[in-house]
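> In terms of my numbering, the sequence shown opens at residue 1 and continues consecutively.
Careful: at least some of the hints might be erroneous.
To be verified - Per label pair, the in silico range of CB-to-CB distance:
hint : residue 1 : residue 2 : range
1    : Gln-414   : Gly-71    : 41 to 51 Å
2    : Thr-347   : Gly-441   : 53 to 63 Å
3    : Val-465   : Asp-214   : 40 to 50 Å
4    : Glu-84    : Thr-453   : 15 to 25 Å
5    : Lys-61    : Thr-169   : 55 to 65 Å
6    : Asp-214   : Gln-350   : 28 to 38 Å
Bear in mind the hints are in silico, worked out from the structure with no lab data behind them. Nothing here was measured: the structure is a model prediction, and the numbers come from that model. Glycine included, every Cβ here is placed at the ideal spot set by N, Cα and C.
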Amino acid sequence: MYFQKVAACFLLFLVICSFSGCTEKDQYSNEMNSAGGSLAGESSEDENTDLNEQVYNATLKKTAILSLDNGYSLKVLEINKKEEFIRVSFRKDEQEYNTKKMLSGQSYDIKDQNNQNTVYSIHVDRILDNSFMVELTYTLKPAIFQEVTPVKTAPRNEVKTKIDMETVTRTYIWGYEDYEFSMECEYDKDAYKVYSQRSRNRDYSQFVTDSYDDEFISQITEQLEDMAHDANLGDEEIPYVAMMFVQSLPYISDSVSSGYDEYPRFPFETLYDGGGDCEDSSILLASLLYDMGYGVSLIELPGHMAVGVKGNNGISGSYYDYAGTKYYYLETTNSGWAVGEIPDDFTEAQAKIVPIYGGYPELNLKFSGDTLSDGYQTYVNLDIELENVGSAIAEDVVIYTTLETSTEGRIWDQLQSDTISSLNVEEGIEYSVSNLKVPAGERYRVRIMAWGTNTDPASVYSDWVVG
Numbered sequence: 001m002y003f004q005k006v007a008a009c010f011l012l013f014l015v016i017c018s019f020s021g022c023t024e025k026d027q028y029s030n031e032m033n034s035a036g037g038s039l040a041g042e043s044s045e046d047e048n049t050d051l052n053e054q055v056y057n058a059t060l061k062k063t064a065i066l067s068l069d070n071g072y073s074l075k076v077l078e079i080n081k082k083e084e085f086i087r088v089s090f091r092k093d094e095q096e097y098n099t100k101k102m103l104s105g106q107s108y109d110i111k112d113q114n115n116q117n118t119v120y121s122i123h124v125d126r127i128l129d130n131s132f133m134v135e136l137t138y139t140l141k142p143a144i145f146q147e148v149t150p151v152k153t154a155p156r157n158e159v160k161t162k163i164d165m166e167t168v169t170r171t172y173i174w175g176y177e178d179y180e181f182s183m184e185c186e187y188d189k190d191a192y193k194v195y196s197q198r199s200r201n202r203d204y205s206q207f208v209t210d211s212y213d214d215e216f217i218s219q220i221t222e223q224l225e226d227m228a229h230d231a232n233l234g235d236e237e238i239p240y241v242a243m244m245f246v247q248s249l250p251y252i253s254d255s256v257s258s259g260y261d262e263y264p265r266f267p268f269e270t271l272y273d274g275g276g277d278c279e280d281s282s283i284l285l286a287s288l289l290y291d292m293g294y295g296v297s298l299i300e301l302p303g304h305m306a307v308g309v310k311g312n313n314g315i316s317g318s319y320y321d322y323a324g325t326k327y328y329y330l331e332t333t334n335s336g337w338a339v340g341e342i343p344d345d346f347t348e349a350q351a352k353i354v355p356i357y358g359g360y361p362e363l364n365l366k367f368s369g370d371t372l373s374d375g376y377q378t379y380v381n382l383d384i385e386l387e388n389v390g391s392a393i394a395e396d397v398v399i400y401t402t403l404e405t406s407t408e409g410r411i412w413d414q415l416q417s418d419t420i421s422s423l424n425v426e427e428g429i430e431y432s433v434s435n436l437k438v439p440a441g442e443r444y445r446v447r448i449m450a451w452g453t454n455t456d457p458a459s460v461y462s463d464w465v466v467g
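Could you put the whole structure together from the sequences, leaning on the hints where they help?
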């Protein structure tokens with residue numbers, strides 16, 4: 001067997017954003033649509049300016065309970081200065097669901113009671129010399145704290161296109177309240193080609209947190225914030241400017257733009273194409289809001305996708321309660337939808353909520369192979385490709401290859417690889433296995449699994465065949 005690392009090679013893309021600012025439009029109505037409830041009360045300037053993650057500090061003694069968000073809390077069970085650790089009980093609605101030993105100087109992502117998604121993070125800053133107190137820093141996602149309803153009069157939405165030899169320039173025009181915004185972006189064609197070669201076989205959330213889009217998304221959000229400030233809009237209205245921007249993009253089906261029935265796009269691709277379908281616009285808006293520091297989720301519905309945005313009790317409308325967090329529904333495929341307003345077709349539909357908490361590694365396996373037989377044994381040779389399609393480094397990865405019998409739990413042959421210490425984002429491994437054996441004439445199938453210390457397992461199977 002042998003390993004060969006295949007490094008991902010991505011071209012730098014040039015994005016030039018220029019903005020004409022905002023122009024007041026007298027023809028727009030000042031009347032606001034109500035989503036079925038009153039607006040949140042006015043907030044002070046200080047309350048409106050923090051659009052990033054909420055970071056707090058706390059000094060706790062043994063047995064102290066720290067109340068967090070959405071019914072979550074923690075209790076300090078033990079403080080050990082000599083060995084530099086604390087032991088903590090994690091609680092939801094005053095009921096313990098997990099405990100953990102935490103080392104001084106380390107950071108930890110704390111999952112919900114279902115052990116599925118991260119709800120907050122903790123950094124153990126230091127244990128005081130007397131061993132009676134510990135200093136912590138903990139981070140929460142902010143909630144959208146004011147409801148702003150889109151304009152009743154439909155804005156002028158338009159995407160203008162200029163195509164040169166090496167670049168494509170898009171000018172996006174959209175409206176919010178009494179203002180019209182425009183934004184011009186220049187995209188490199190070669191960068192788009194590189195994106196088109198990337199795997200689509202990854203979790204939807206990976207498209208939102210894709211590390212290759214980070215700088216690009218930050219450029220867009222910074223310009224959206226600047227335009228909102230130029231229009232004398234408050235910080236609390238910036239996410240709504242972003243929402244109206246995404247809602248203004250035209251709907252383009254996957255079959256028209258890519259030739260595939262399902263083809264999720266990275267945010268760069270959606271803006272390069274000048275639009276997309278529901279999953280593309282939802283991924284784009286979730287990426288923008290997440291970069292601004294808001295708590296967001298993807299909402300998967302039968303044949304449809306939308307965004308869930310974390311909000312407080314000041315927002316009216318429909319929401320999904322996931323692990324104690326309210327995610328208000330946001331439609332992304334057309335202008336005029338308010339936060340909490342669900343299309344009639346989906347009011348009774350079963351929804352899957354996928355919170356966006358940050359990047360994580362994700363393994364993807366492919367293989368091909370051939371066989372040789374001497375009449376007594378069949379020898380199986382395999383070429384395996386393993387790629388980290390996630391948005392964080394995969395650590396201590398192992399590949400396990402078996403030839404399974406038709407009796408559950410039994411195998412003809414097996415081989416485990418050496419440990420791969422790390423696999424970077426978009427990095428691949430080519431791995432060969434030779435001469436796995438199965439008796440001639442016996443039924444078998446190939447099963448390959450891969451896992452790391454910080455990844456979920458991935459697996460792939462062949463069809464059943466006779467050796």
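> Against each hint, give a clear statement of whether it holds in the structure.
Outcome of the hint check:
1. The supplied range of 41 to 51 Å is met by Gln-414 and Gly-71, whose beta-carbon atoms lie about 46 Å from each other.
2. Between Thr-347 and Gly-441 the CB atoms are about 58 Å apart, so this pair conforms to the stated range of 53 to 63 Å.
3. At about 44 Å, the CB distance of Val-465 to Asp-214 agrees with the hint of 40 to 50 Å.
4. In this structure, Glu-84 and Thr-453 meet the distance hint of 15 to 25 Å, their C-beta atoms being roughly 22 Å apart.
5. Judged by the Cβ atoms, the range 55 to 65 Å given for Lys-61 and Thr-169 holds: they are separated by roughly 60 Å.
6. Asp-214 and Gln-350 have their C-beta atoms about 33 Å apart, which keeps the hinted 28 to 38 Å range intact.
Figure legend: structure checked against the earlier numbered hints; every hint is met.
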